[in-house]
Amino acid sequence: MSDKKIYILPCSGIGKVYGLLSREAAHKVVLDLEPQHTDIICLASLLLDEVKEQVAGRSVICIDGCPKCCAEKSSVEAGMVVEKKYLTSHFVRKYRGEDPGTGSELTETGKKVVDDIAKTIQADVQEIIQERGEK
Amino acid sequence: MEERPKIGVISCSGEKCTGGSIARMITRKMLDTWRPHDVVTVCLPLFIAGGSEERTFAKDFPTITIDGCKKKCAYRITEKLSGKVNACVDLSEVLGDEHCESDINHEPISEDLIIKTKKEVLQVFDRIRAEANFKELKQSGNYQGCGCVDEK
Numbered sequence: 001m002s003d004k005k006i007y008i009l010p011c012s013g014i015g016k017v018y019g020l021l022s023r024e025a026a027h028k029v030v031l032d033l034e035p036q037h038t039d040i041i042c043l044a045s046l047l048l049d050e051v052k053e054q055v056a057g058r059s060v061i062c063i064d065g066c067p068k069c070c071a072e073k074s075s076v077e078a079g080m081v082v083e084k085k086y087l088t089s090h091f092v093r094k095y096r097g098e099d100p101g102t103g104s105e106l107t108e109t110g111k112k113v114v115d116d117i118a119k120t121i122q123a124d125v126q127e128i129i130q131e132r133g134e135k
Numbered sequence: 136m137e138e139r140p141k142i143g144v145i146s147c148s149g150e151k152c153t154g155g156s157i158a159r160m161i162t163r164k165m166l167d168t169w170r171p172h173d174v175v176t177v178c179l180p181l182f183i184a185g186g187s188e189e190r191t192f193a194k195d196f197p198t199i200t201i202d203g204c205k206k207k208c209a210y211r212i213t214e215k216l217s218g219k220v221n222a223c224v225d226l227s228e229v230l231g232d233e234h235c236e237s238d239i240n241h242e243p244i245s246e247d248l249i250i251k252t253k254k255e256v257l258q259v260f261d262r263i264r265a266e267a268n269f270k271e272l273k274q275s276g277n278y279q280g281c282g283c284v285d286e287k
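Chains as they are written, first to last, in our numbering: chain A, 1 to 135; chain B, 136 to 287.
If you are wondering where the hints come from, they were derived from the structure by calculation, not from laboratory data.
Just to be clear, a hint being listed does not mean it is correct.
Unchecked claim - Below, computed lysine to aspartate or glutamate pairings styled on DMTMM-like, alpha-carbon distance capped at 20 Å:
#	chain 1	residue 1	chain 2	residue 2
1	A	Lys119	A	Asp32
2	B	Lys251	B	Asp261
3	B	Lys215	A	Glu50
4	B	Lys254	B	Asp238
5	A	Lys5	B	Glu266
6	B	Lys164	A	Glu127
7	B	Lys205	A	Asp49
8	B	Lys207	A	Glu83
9	B	Lys207	A	Glu50
10	A	Lys84	A	Glu50
11	B	Lys205	B	Asp232
12	B	Lys215	A	Asp39
13	B	Lys205	A	Glu77
14	A	Lys111	A	Glu50
15	B	Lys164	B	Asp261
16	B	Lys215	A	Asp124
17	B	Lys194	B	Asp167
18	A	Lys119	A	Glu108
19	B	Lys253	A	Glu105
20	A	Lys84	A	Asp39
21	B	Lys207	A	Asp49
22	A	Lys94	A	Glu77
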């Protein structure tokens, strides 16, 4: 199973809350919701040749914090197959007027956003796994 | 009030191992609490996807990288894409592999590890700050280093 695991790749942006949301959501999926089907990899390491060889051709779901889409761009650059991609700011809109937190710490609203993102990705993972089973 | 020149601190993104989480936390503490007026940072992944502003970061700022493991991604990528850094703090050397190389989990990072890391990082930071010749630097001052939109 491990060689078929889907990578969950957050941008982990450090400046504002949107990167932290992406990071926490990715950890929730990989550690809690879909540990058997998913894995995580350090985004920064994708630039290293030894890591590129390891991940090329592998499926990935990207969670980006801003429209610069660092996670998605880095995945493509590394030869990964982007199955789904999300922007955390889109999930924050549902809680317009509420404070999701900062780049250091999430509020209760921020934790709800993380849950929303993680559940969305969990559904994606299950769909991908199901499709693979049908092939 | 006189504007104080800043030091760039760049953390590895460190999603995979505990050392990455510590590196990120330390960088945030530098920004928020320990040296809030003296530090500027940039998302490391922005170097990969970023434009000229990000890629001249280490040329504009005396820069320290904080790496969570022996791969030293922050150090290697910054030097490859941006410019020579003034110092690299490798947390696996400071705290040991048993703390840094372990897989990520939900356990809170112990205060002991934070204190030990703080001492090392601030020592390096203060040395670089003392050595830096700010008169020769053209700093952009307000650079925030993140493309995230303020959209609440």
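Structure-based check of each hint:
With a C-alpha separation of about 11 Å, the suggested pairing of Lys119 (chain A) with Asp32 (chain A) holds against the 20 Å cut-off. Between Lys251 (chain B) and Asp261 (chain B), the direct Cα distance comes to roughly 16 Å. Compliance with the 20 Å bound is thereby established for this hinted pair. A C-alpha spacing of about 15 Å is found between Lys215 (chain B) and Glu50 (chain A), which places the hinted pair at or below 20 Å, so the restraint holds. About 24 Å separates the Cα atoms of Lys254 (chain B) and Asp238 (chain B), which puts this hinted pair outside 20 Å; it is violated.
For a cut-off of 20 Å, the pair hint linking Lys5 (chain A) to Glu266 (chain B) is broken: about 47 Å separates their Cα positions. Only pairs whose Cα atoms come within 20 Å are accepted, and Lys164 (chain B) paired with Glu127 (chain A) is rejected, the gap being roughly 39 Å. At roughly 15 Å between alpha-carbon atoms, Lys205 (chain B) and Asp49 (chain A) fall within 20 Å of each other, so this suggested pair holds. Distance check on the hinted pair: Lys207 (chain B) and Glu83 (chain A) sit about 29 Å apart at the alpha-carbon level, beyond 20 Å; violated.
At most 20 Å may separate the alpha-carbon atoms for a hinted pair to count; Lys207 (chain B) and Glu50 (chain A) meet this at roughly 13 Å. About 25 Å separates the Cα atoms of Lys84 (chain A) and Glu50 (chain A), which puts this hinted pair outside 20 Å; it is violated. For a cut-off of 20 Å, the pair hint linking Lys205 (chain B) to Asp232 (chain B) stands: about 9 Å separates their Cα positions. Only pairs whose Cα atoms come within 20 Å are accepted, and Lys215 (chain B) paired with Asp39 (chain A) is rejected, the gap being roughly 27 Å.
Distance hint between Lys205 (chain B) and Glu77 (chain A) is unfulfilled; the C-alpha atoms sit about 23 Å from each other, more than 20 Å. Annotation: proposed proximity of Lys111 (chain A) to Glu50 (chain A) is violated, straight-line Cα distance about 35 Å (limit 20 Å). About 15 Å separates the Cα atoms of Lys164 (chain B) and Asp261 (chain B), which keeps this hinted pair within 20 Å; it holds. As the CA atoms of Lys215 (chain B) and Asp124 (chain A) are separated by approximately 35 Å, the hinted pair breaks the 20 Å bound.
Using a Cα cut-off of 20 Å, the hinted pair Lys194 (chain B) and Asp167 (chain B) is violated, with the two alpha carbons roughly 24 Å apart. Restraint check for Lys119 (chain A) and Glu108 (chain A): satisfied, since their Cα atoms lie roughly 17 Å apart, inside the 20 Å limit. Taking the CA atoms of Lys253 (chain B) and Glu105 (chain A), the gap is near 19 Å; set against the 20 Å cutoff, the hint holds. Distance hint between Lys84 (chain A) and Asp39 (chain A) is fulfilled; the C-alpha atoms sit about 15 Å from each other, no more than 20 Å.
Restraint check for Lys207 (chain B) and Asp49 (chain A): satisfied, since their Cα atoms lie roughly 13 Å apart, inside the 20 Å limit. As the CA atoms of Lys94 (chain A) and Glu77 (chain A) are separated by approximately 32 Å, the hinted pair breaks the 20 Å bound.
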